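Residue numbers (this note's numbering), protein chains in the order written: chain A, 1 to 154; chain B, 1 to 425.
Derived by calculation from the structure, the hints in this document are not laboratory data.
Please note that a few of the clues may not be correct.
Where chain B lies over chain A, by a calculated footprint (3+ residues, C-beta under 8 Å) [stated by the list, open to error]:
| id | region |
| --- | --- |
| 1 | 16-26 |
| 2 | 29-40 |
To give an idea of the interface, some chain A residues facing chain B are shown, with a C-beta separation under 10 Å as derived from the structure [claimed, not checked]:
| id | residue |
| --- | --- |
| 3 | Ser12 |
| 4 | Asn64 |
| 5 | Thr127 |
Keep in mind it's a predicted model, so treat the numbers as computed, not measured.
Cβ coordinates follow ideal geometry from the N, Cα and C atoms, glycine included.
This is what each chain is made of:
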Amino acid sequence: MSLRIVVSSVSSDAHMWNLVYLQLLLEEGGHEVTNLGVCPPDTTVMDACRGADRPDLLVLSTVNGHGHLDGLRLIRALRADPELAALPVVIGGKLGVRGGDAEEGRRLVDAGFDAVFNESEQPAGRTLAAFGDFLARLAEEVAAPEPLVTGAPH
Amino acid sequence: MGRFAEFVRTATTAGRLVVQPRMGFGELARMRAGLTAVRDCRATTVGTITLDSYTRVGDYASARRALREGADLNGFPLLAHGAGTVRDLLREVSSDGFPVQVRHGSPLPLDLFRVMVAAGVDATEGGPVSYCLPYGRVPLPEAADNWARCCELAAGAREPMHLETFGGCMLGQLCPPSLLVALSVLEALFFHEHGLRSISLSYAQQVHLGQDLEALAALRRLASAHLPGIDWHITLYTYMGVFPRTPIGSYRLVEDSVRLAVHSRTERLIVKTPAEARRIPAIEENAEALEFADAVARKAAADCAVTNCPPPTDTGLLAEARALIEATLELGRTVGSALVAAFARGVLDVPYCLHRDNANAARAVIDERGMLSWARAGGMPVKVRERDAECTSGLTAARLTTMLTHNERRYDREDLVGSLLRGAT
Numbered sequence: 001m002s003l004r005i006v007v008s009s010v011s012s013d014a015h016m017w018n019l020v021y022l023q024l025l026l027e028e029g030g031h032e033v034t035n036l037g038v039c040p041p042d043t044t045v046m047d048a049c050r051g052a053d054r055p056d057l058l059v060l061s062t063v064n065g066h067g068h069l070d071g072l073r074l075i076r077a078l079r080a081d082p083e084l085a086a087l088p089v090v091i092g093g094k095l096g097v098r099g100g101d102a103e104e105g106r107r108l109v110d111a112g113f114d115a116v117f118n119e120s121e122q123p124a125g126r127t128l129a130a131f132g133d134f135l136a137r138l139a140e141e142v143a144a145p146e147p148l149v150t151g152a153p154h
Numbered sequence: 001m002g003r004f005a006e007f008v009r010t011a012t013t014a015g016r017l018v019v020q021p022r023m024g025f026g027e028l029a030r031m032r033a034g035l036t037a038v039r040d041c042r043a044t045t046v047g048t049i050t051l052d053s054y055t056r057v058g059d060y061a062s063a064r065r066a067l068r069e070g071a072d073l074n075g076f077p078l079l080a081h082g083a084g085t086v087r088d089l090l091r092e093v094s095s096d097g098f099p100v101q102v103r104h105g106s107p108l109p110l111d112l113f114r115v116m117v118a119a120g121v122d123a124t125e126g127g128p129v130s131y132c133l134p135y136g137r138v139p140l141p142e143a144a145d146n147w148a149r150c151c152e153l154a155a156g157a158r159e160p161m162h163l164e165t166f167g168g169c170m171l172g173q174l175c176p177p178s179l180l181v182a183l184s185v186l187e188a189l190f191f192h193e194h195g196l197r198s199i200s201l202s203y204a205q206q207v208h209l210g211q212d213l214e215a216l217a218a219l220r221r222l223a224s225a226h227l228p229g230i231d232w233h234i235t236l237y238t239y240m241g242v243f244p245r246t247p248i249g250s251y252r253l254v255e256d257s258v259r260l261a262v263h264s265r266t267e268r269l270i271v272k273t274p275a276e277a278r279r280i281p282a283i284e285e286n287a288e289a290l291e292f293a294d295a296v297a298r299k300a301a302a303d304c305a306v307t308n309c310p311p312p313t314d315t316g317l318l319a320e321a322r323a324l325i326e327a328t329l330e331l332g333r334t335v336g337s338a339l340v341a342a343f344a345r346g347v348l349d350v351p352y353c354l355h356r357d358n359a360n361a362a363r364a365v366i367d368e369r370g371m372l373s374w375a376r377a378g379g380m381p382v383k384v385r386e387r388d389a390e391c392t393s394g395l396t397a398a399r400l401t402t403m404l405t406h407n408e409r410r411y412d413r414e415d416l417v418g419s420l421l422r423g424a425t
């Protein structure tokens with residue numbers, strides 16, 4: 001099952017190669033990617049996920065060490081918006097300046113991320129594998145037909 | 001000619017390579033100490049004040065707050081300190097024998113230029129394309145207008161400023177040299193059009209010594225042809241892409257950038273500090289890297305007197321850069337409007353760059369010779385070898401990673417033998 005995915009950086013991060021890499025990786029997996037590029041204001045990311053543009057998944061990628069701050073602010077805004085509250089959203093990259101802070105990841109999940117892939121916590125290979133597993137599960141869910149209504153006649 | 005260019009010319013005449021760090025600290029005292037250490041180290045140096053990222057994006061309130069609260073900044077907050085403080089700092093540390101350049105990275109730097117002119121800064125750098133496309137979302141026409149006003153301010157200063165193009169460094173890696181050379185020349189023409197008379201043209205070390213030598217020779221030829229009667233020199237940057245992880249690998253890459261500078265008769269080199277790949281380097285680490293570069297430069301110059309310099313490749317790079325420049329200049333009455341039109345039509349197109357005003361139809365690869373080449377031309381008048389065109393279909397995420405880490409692998413050989421070289425990693 002192919003997913004429609006929006007890839008984006010966060011507001012303060014101007015790094016570009018991680019976004020180019022992610023787009024190639026996701027397209028190789030058969031997914032359809034819209035890449036928002038570097039330094040998007042929160043409203044740009046939110047507007048790219050509304051209405052007819054609504055993707056199956058929003059992937060935030062950031063490596064400048066401010067991801068734990070910018071990501072937290074953005075996910076709160078997304079979850080507070082009725083139209084985007086249920087949108088699957090994940091964040092990954094190098095999220096903190098200290099490296100290896102599990103507390104950071106937990107805070108992000110608590111605030112509403114469906115998953116956090118923090119390279120500061122574990123080797124990049126394992127982070128990518130976990131991301132791949134997440135995509136596969138989501139693709140299955142999106143492909144699954146609506147659950148049968150209990151008691152409805154067959 | 002201001003004292004920045006005067007200093008570089010004097011050093012060149014004496015056969016010395018000018019070396020310069022990338023260095024910036026939030027606190028005034030530490031910035032002063034950094035500049036003093038660079039001035040006093042055993043090398044022919046000019047000073048650098050690199051600005052912090054809040055100031056770069058125009059968020060002066062956050063820079064002021066961080067300064068007030070004593071929080072770590074990743075550079076010098078020029079506006080938060082203000083023109084008076086900067087003027088005093090420069091009076092104290094700089095001189096004819098130690099001019100200082102401010103480095104910023106802003107697509108809309110008009111506020112910064114006002115403070116720089118008021119503070120009497122000798123030199124700065126950037127450009128309407130090179131500080132717009134890679135680092136943000138400001139539309140290119142807006143950046144070009146803003147930079148035009150900046151240039152006019154800098155040119156009209158009591159001591160006219162020296163300005164360096166950043167166009168030779170696009171995205172740090174994986175941009176073919178012909179485009180880097182063309183963009184550097186076009187930004188220099190833009191500066192000149194807006195009144196500047198003292199300019200340097202940048203180029204960043206890439207992945208192949210011969211190709212870099214060919215690129216620097218082309219840059220010199222094109223600068224002579226396009227900038228008659230004005231003062232100019234060339235500035236090389238040590239590789240700006242993914243850096244080796246070991247100190248030995250890092251120093252070897254820095255050493256190669258110094259040799260490249262000497263063999264190409266480049267006047268000034270921006271030296272990378274090996275620690276920079278992981279964190280902001282300490283003052284001493286900067287000074288050590290500069291002294292190392294200076295020592296290698298003297299040795300390389302001496303070697304050249306007895307052995308042949310390595311030869312440049314002959315791949316038609318000059319003709320390709322010239323074609324890009326000419327195709328661009330045809331598109332507008334001014335260099336600024338021509339640059340905007342060229343990007344809109346894809347006549348200039350930085351491979352992989354996601355900015356909305358970049359066509360992003362061109363693709364570059366590191367080919368079987370270890371050189372950067374075009375795999376897809378987009379709308380540009382550049383040559384795609386048949387062999388490289390086939391690469392585009394095979395451009396996977398894994399291949400991209402391999403290309404991005406090409407120099408890291410080339411220079412980190414100590415990893416192959418592990419503990420045999422203790423202390424190497």
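Notebook entry, point to check: Can you list which hints this structure breaks, lowest number first?
Noted result: Structure breaks hint 5 only.
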